[in-house]
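J.: For the record, the sequence lines run as chains A and B. The C-terminal residue of the first sequence carries number 488 in my numbering, and the numbering is unbroken. The C-terminal residue of the second sequence carries number 168 in my numbering, and the numbering is unbroken.
Just so you know, not all the hints are guaranteed correct.
[What the hints assert, rightly or not] 20 Å max Cα-Cα, derived EDC-like pairs, lysine to aspartate or glutamate: (1) A:K285 / A:E347; (2) A:K233 / A:E102; (3) A:K244 / A:E441; (4) A:K100 / A:E278; (5) A:K245 / A:E196; (6) B:K107 / A:E278; (7) B:K60 / A:D188; (8) B:K60 / A:E441; (9) A:K285 / A:E102; (10) A:K100 / A:D242; (11) A:K248 / A:E288; (12) A:K181 / B:D20.
Read the hints as simulated data drawn from the structure, not as lab findings.
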Amino acid sequence: MENLSLIMAPLFSSKLLMVLFLGTLFGLILGVLPGLGPTTGGALILPFTMTLDPLSAIVLLTAIYCAGTYGGAITAVLINTPGTPAAAATCLDGYPLAQKGEAGRALGMATVSSVIGGIFSVIVLIFFAPLLAQLAYEFGQPEYFALAIFGLTMLASIGEGSPIKNLIAGAFGILISTVGKDFMTSIDRFTFGVNELTVGIGFIPVVVGLFAISEMLTQSTLLNQVFKRVALKAVKLPSLEDYKKTWKTILRSTGIGSFIGVLPAEGGTVASLIGYAEAKRWSKKPQEFGKGSIEGIAGAEAANNAATGGAMVPTLALGIPGSATTAVILTGLIIHGVRPGPDLFREQPEFLYGIFGSMLIANVMFFILGFFGAKIFARITLVPNKLLWPMIFAVSVCGTYSLSQSILDVWIMLLFGVIGFFMRRYGFSVVPVIIGLILGELVEGTLRQSLVIFDGNWLMFFTRPIALTFFVLSFIALIFPLIKKKKK
Amino acid sequence: MNNVQNKKRANKSLPFFFKDSFIVSFIIIFISSILLFITFTFDIVPPILNRGIQPATFPKALLVLIILLTFFIYYLSINNPWKKEKKLPNSFYITLFSFILFIFISKFLDFFLGISVLSILVSYFWGEKRLIYLIIVGMIFPIIVFIFFETILGLRFPPGIITNLYYG
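Construct the entire structure; sequences and hints are all you get.
T.: Below, the structure written as structure tokens:
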């Protein structure tokens, strides 16, 4: 009962409600704009959160995360272009249904299934995050090392694209984290005599570069692309018949999304693809998929929004991000002096319950805003790229500069923009770089501390049951793509 | 079937060093090798201060892993060629050039002048020819961003010919 009142606390704070509203609104706008999304948006908004207290800052970021994930569906249905990668599967049936003159029905189903997925995943978060945090008390340095390795191998295994390329990208991310003074011995590494590099490469310049600037370069190659927009009269709530057709799909995809979200992988993107594939597999009319199936929309949207709460579980309980956006949220937590992990659950439960409650309310808010405002949000896509991207560049540059007031950060952002563009062009996902960068210090630190504990004996890792379990799971994660390929 | 044969023929017709898979793998291995060489120049700590491993060991291991995995993806690409990417359009190179121009202008003249020049260049070459919109994107919006960051975050931007005028 006491916990419930803590969860509902944001409802009684006008400041938090205002922050939630703004976060939801901003998240929807970001989600609607192709190429942007909650990850880039969260990274750009991070400097502004410095003017807020820690809870308001994280509430703002989580609201952007929830609403941004849903917002991608609006563009997916109306212009056949996913606003966010997580909405890619929604295009497959959303746009064909909209072309049949049922854009309102398609968006209604996307909205309802997103909200159900989102709310269920927050419930998963409320129950599982404290349990996982409790379990984390059993973790020592070797266990954390093994867990981080497991996270990276999962990312390579079930993330988008080639597992080997994902592994290279993850290793590259960890390598970036080694730049600067070694935190244990104060020896300079890869600083090239540049004083500012001794503190390392910041997270924000890399994220903004890899997501916003590389997307700007990508957009520069797509200037002749023409979007065919489908007219939208109004969003319609699904009919009783639609509910009958889709309730099982929504429940299944919600479960899939929540589970995938908990794994340190690409969160919503992978979840929506699996949710869509499973919806098709279990459907009585699989032949309708790709031609405007309402089940297809429900399967993809319930799964990608369910991944939001799931991805917050390891982020809050272990400090290991479940997706690229939660990596940004994790950075926000650290910037505001909040260290995620089991101690956070014991020492600041009101803070965590505030986040849980805010995520629940954000889901309700984007339902209302999406339902009544989809038509207006859809108009945002009318802003031409030739005006939009120079503006995003200006905000990216100032936002990156503002965190450390370092011009070097701006150069780093541009460099990673170019690297990100070529990575994406040749099939390397940029998400593992982000996760690698954020996990890098943990991986190296726990490895070295473990070796101190084990007196340099590497084999001792395998004498710890939890660490051994994670290593076995990592091994399975690595060979899983090979087995899958052989089966195909 | 024909498409597959054509694709294979198209890939076979190119010498290996022109293929994307070779170029990408070569660049990754080349840069990683240079970085690996650099790790040998890192200071070595005496055993008493050595926490588990030397500071250079971890980055060395990562670079070796990257090199080995890159060899592996190149090996896989021999039997399973990468799809040929389209040639990059001029608009891409213009955008890239405006990034370089931005670096020079913001370093030697003014940070905000750099943003303005880039915004106008990109917007113009991406197809915006109306003067009023170029002014909005290149001047009015950067001014709004400047004031917003300056007043809300209390940020002090790097000195330059325009920024100095503002700060007096």
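J.: Each hint: holds or not?
T.: Verification of the supplied hints:
A threshold of 20 Å between alpha carbons decides the hint, and for A:K285 with A:E347 the separation of about 51 Å lies outside it, so the pair is violated. Distance check on the hinted pair: A:K233 and A:E102 sit about 9 Å apart at the alpha-carbon level, within 20 Å; holds. A C-alpha spacing of about 49 Å is found between A:K244 and A:E441, which places the hinted pair above 20 Å, so the restraint is violated. Between A:K100 and A:E278, the direct Cα distance comes to roughly 24 Å. Violation of the 20 Å bound is thereby established for this hinted pair.
Restraint check for A:K245 and A:E196: the C-alpha separation of about 59 Å exceeds 20 Å, so the hint is violated. Between B:K107 and A:E278, the direct Cα distance comes to roughly 53 Å. Violation of the 20 Å bound is thereby established for this hinted pair. Restraint check: the Cα-Cα separation between B:K60 and A:D188 comes to about 14 Å, which is no more than 20 Å; the hinted pair holds. Distance hint between B:K60 and A:E441 is fulfilled; the C-alpha atoms sit about 15 Å from each other, no more than 20 Å.
Between A:K285 and A:E102 the CA atoms are separated by roughly 19 Å; this keeps the pair inside 20 Å, and the hint holds. Distance restraint check for A:K100 and A:D242: the Cα-Cα separation of roughly 16 Å lies within the 20 Å cut-off, and the hinted pair is therefore satisfied. Taking the CA atoms of A:K248 and A:E288, the gap is near 17 Å; set against the 20 Å cutoff, the hint holds. Taking the CA atoms of A:K181 and B:D20, the gap is about 36 Å. The hint is violated against a cut of 20 Å.
Hint compliance for this structure: hints 1, 3, 4, 5, 6 and 12 are not met, and every other hint is.
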